[in-house]
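Residue numbers (my numbering), protein chains in the order written: chain A, 1 to 98; chain B, 101 to 198.
Don't read these hints as lab results, they were simulated from the structure. Heads up, some of the hints might be wrong.
Listed below are the simulated DSS-like cross-link pairs for lysine-lysine, each with C-alpha atoms no more than 30 Å apart in a straight line [as the list claims (entries may be wrong)]:
hint, chain 1, residue 1, chain 2, residue 2
1, A, Lys95, B, Lys184
2, B, Lys159, A, Lys84
3, A, Lys77, B, Lys109
4, A, Lys95, B, Lys168
5, B, Lys109, B, Lys184
6, A, Lys35, B, Lys135
7, A, Lys9, B, Lys109
8, A, Lys9, B, Lys177
9, B, Lys195, A, Lys59
10, A, Lys95, B, Lys181
11, A, Lys59, B, Lys109
12, B, Lys135, A, Lys9
13, B, Lys195, A, Lys95
14, A, Lys77, B, Lys181
15, A, Lys84, B, Lys109
16, B, Lys109, A, Lys81
Number of protein chains: 2
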Amino acid sequence: MNPIGNLNKVFESRIRLGVMSVLMVNEEVSFNDLKEMLEVTDGNLASHLGTLEENAYIKVHKGFIGRKTNTTYSITKTGEKAFKGHLAALEAMIKFSQ
Amino acid sequence: MNPIGNLNKVFESRIRLGVMSVLMVNEEVSFNDLKEMLEVTDGNLASHLGTLEENAYIKVHKGFIGRKTNTTYSITKTGEKAFKGHLAALEAMIKFSQ
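Just chain A, with the same shape it has in the complex (with noise of 0.2 Å):
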């Protein structure tokens, strides 16, 4: 049995990995929430969150707040099937190891 088999290559980064777990348990979250959450810069941020919607994983929502831009994320179906996964691939691998 291969333990890595079915680990999804576009989780292997632990923001993304942080990213997607929040948004497992929030409907939507502001870009600065996250990175509040994540500790994390804007930069490094902002160029995962890109990876994650380039493969449908996440959408994004532009919306004011009052005159100030506030863009929220929120996960998509797809994105929950590829996490949960991934997950469940984790815990075949936490298994392994012991």
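Chain B: place on chain A using the hints.
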């Protein structure tokens, strides 16, 4: 709570995760056996083994079978401790996401 707070950056690669999980449950494993189990190329495996060795998470043993060189790898105490910490952090992230 930062869902990725305690994840170890060294284990941010599927292949390094795979090497560590195999070495957690095997005394010593040869380069070729690792390559077969993880379904990776020579170059890819060699570079990830190098990173794990630099972090003192694995040890290299240069031996011979007949006149053929036989290189094997084993996990270090430091590696075992670091990987167990990473697995615990992954489990916490998985719980956070459900």
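Hints the structure fails to honour: 2, 4, 6, 14
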